[in-house]
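A.B. asks: Here is what each chain is made of, one letter per residue.
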Amino acid sequence: MDRFSKWKRLNGMKCNLRTDLGRIGILRNPIIISSGTFGLSKPYFDLLESEYVGAVVTKTITLNPKEGNAQPRILEGPSSMINSIGLENPGVLSFIEEYKDGYGKLEIPVIVSISGNSVSEFVEIADRLNDIDGAAAIELNLSCPNVDSEGLSFGSSPERIGNVVSECSKTSKYPLIAKLSPFQSIDASFARSAEMAGASAISLINTVPAMKIDINRFRSALGALSGGMSGPAIRPIALKMVYEISRDIDLPIIGMGGISNGEDAVEFIMAGATAISIGTMNMIDPSIPKSITKFFENFMQVHSLLDTAEIAQRFIQRNS
Amino acid sequence: MDCRRVLYVFKREEYSLPGEETRSEGEVYHSLWKNSLPLHWRVSMNVVNEKCEVIRNERVSSDGHILVLNSRDISRQTLPGQFVEIGCYGEDMILRRPFSVFDVSSESLSLFIKIVGKGTKWLSELNSGSIVDLIGPLGNGFTVSSKSRSLLIGGGCGIASLNLLSRKLFDSDSNSDTIFGFSKPEEIPQEVIEGFQKRANRVLVTVDKGPYPFIGNVVDRLKEIDLENYDRFYCCGPTRMLKALEPFLCKREVEVSLEARMACGIGVCYGCTISTKHGSKRVCLDGPVFKMEEVEWNEM
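Protein sequences appear in the order of chains A and B.
According to UniProt numbering, the first sequence holds residues 1 to 320 in order.
According to UniProt numbering, the second sequence holds residues 1 to 300 in order.
Any given hint could turn out to be false.
For lysine-lysine, the following BS3-like pairs were computed, each having C-alpha atoms within a straight-line distance of at most 25 Å [claimed, not checked]: (1) B:209 - B:184; (2) A:212 - B:114; (3) A:212 - B:118; (4) A:66 - B:281; (5) B:277 - A:66; (6) B:51 - A:294.
Note that these hints are calculated values from the structure, not bench results.
Extracted from the complex, chain A is given alone in its bound form (with noise of 0.2 Å):
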């Protein structure tokens, strides 16, 4: 393309951030927020600034209330955030309840996030959200590194991801996004038994398995021995995780793990991802998704690219 039609094809155009998620629906931005950065309290809702966001994901869901762990549950790390949360939610009924006049009133496409000790409580949650209306989907977190007993193992067989997200599927009237993790190898048959089940995308990464020792009182520094690890630090990981991924399967991908600027952003659309999702920055830099959202319009013009998926496009030309 010559210079002249450069111009002319982006003359008067503004880039185009939509992003198509299959059956999850289009997005007006590939910015999506990230389960458990958004708290799950109603008063937040009217404060988020939509137009830089492309959809939430609610803080993860179990059957029943959960405490969640011990203090303390937040430590630092270089480069990184250690927590072992646990999954504090006031369970589904109480959820549902709540949907009404919090979630269901927002502008922007809402992703419940949901979490059960046994394939038949993944499965009772999903049934029981088919109550609420006009979420856009359901995320399977099968890989939260802080909840003890089974929760753990969904993710650590492609043939058990396989069993959740088919029953759930059947269930649900929503679609399904798989949650997976780098603990559960970068394998990519994981990805693709939740693919042939019947899921419509796959979130990588979850936090990454992590512990921090107080040596001077001899005990773990968390409360709940060990947690997960957020953070710029998992970011590298998180990038070879999608891009290995993305290579195998055609569901679209969102990408999350230490997503801190414009440039981390663009590296997880290079690398495969269709949407992108922000963690552990969102809470020390509330206006991150703004930022993001104003790197890639520059970006985009920068480089002559109408929109996200071009970006992808050039970088698998050049890597070909």
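For this one, chain A is given, so just place chain B on it according to the hints.
C.D. replies: The following block gives chain B in isolation, referenced to the frame of chain A:
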């Protein structure tokens, strides 16, 4: 942007919510408080993000610094007991740090920094002219009633939130007495104590060990005092101290300000929850000031 009033107010100058006029300062209520707290807690406020310049960084004790920051938006709204979250930038640091507001004026805000880790070390070494990033005021503050008699009990850097409180009490014609506990004599910030002496009838200081007229903890000094003389008690300090005070004060009107490890400071991460008689609550949003009787001290 994230998802609460902070975020909207955050860039208030640039745009307002769709279909809504930009509200003037003082009119925007912190929605959570407005809905859930009893009347006396209702305060009109904006939570803002502000870049503040360090005006002065003064060492006031062996490990204590007072950081005076140039602030307009936060300082004008802060109530005693509220806190700010500061971005600390350095190796291995990523999270903001919560600090009680030590003092305010119309143009400045000061913080009492006790060096305990990397973040506080970094802050204590800031030169004047440096810029820090603040979000605040956060949390809810102490109840200040005029013409009352109060006893302020502080330990270590708990002195920070009590300082502004004592000033507000003084301004509202209330009588206050103070007890402070420190672990070593060199940790006593003399200047700060002198400030308290100007405003309080009586200031008692105690240290855990070392050459000092009074050795012991705050509970020991509390025993010298007739508690019937006070309508209200305010406590701020390490959890251990607050726990030790509880048996003495449990039947009285006591407000405690709790310290907690926090990530977001605005109520979204659930990192700082504590057990209370009314279920688990977040220190950053529901606190840091709680009624003493409300807290489940056995689980602290």
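A.B. asks: The structure should be examined with respect to each hint, and the outcome stated for every one.
C.D. replies: For each hint, the structure was consulted:
no.: 1; hint: B:209 - B:184; in the structure: holds, 6 Å
no.: 2; hint: A:212 - B:114; in the structure: holds, 24 Å
no.: 3; hint: A:212 - B:118; in the structure: holds, 16 Å
no.: 4; hint: A:66 - B:281; in the structure: holds, 13 Å
no.: 5; hint: B:277 - A:66; in the structure: holds, 16 Å
no.: 6; hint: B:51 - A:294; in the structure: holds, 21 Å
Of the numbered hints stated above, none is contradicted by the structure.
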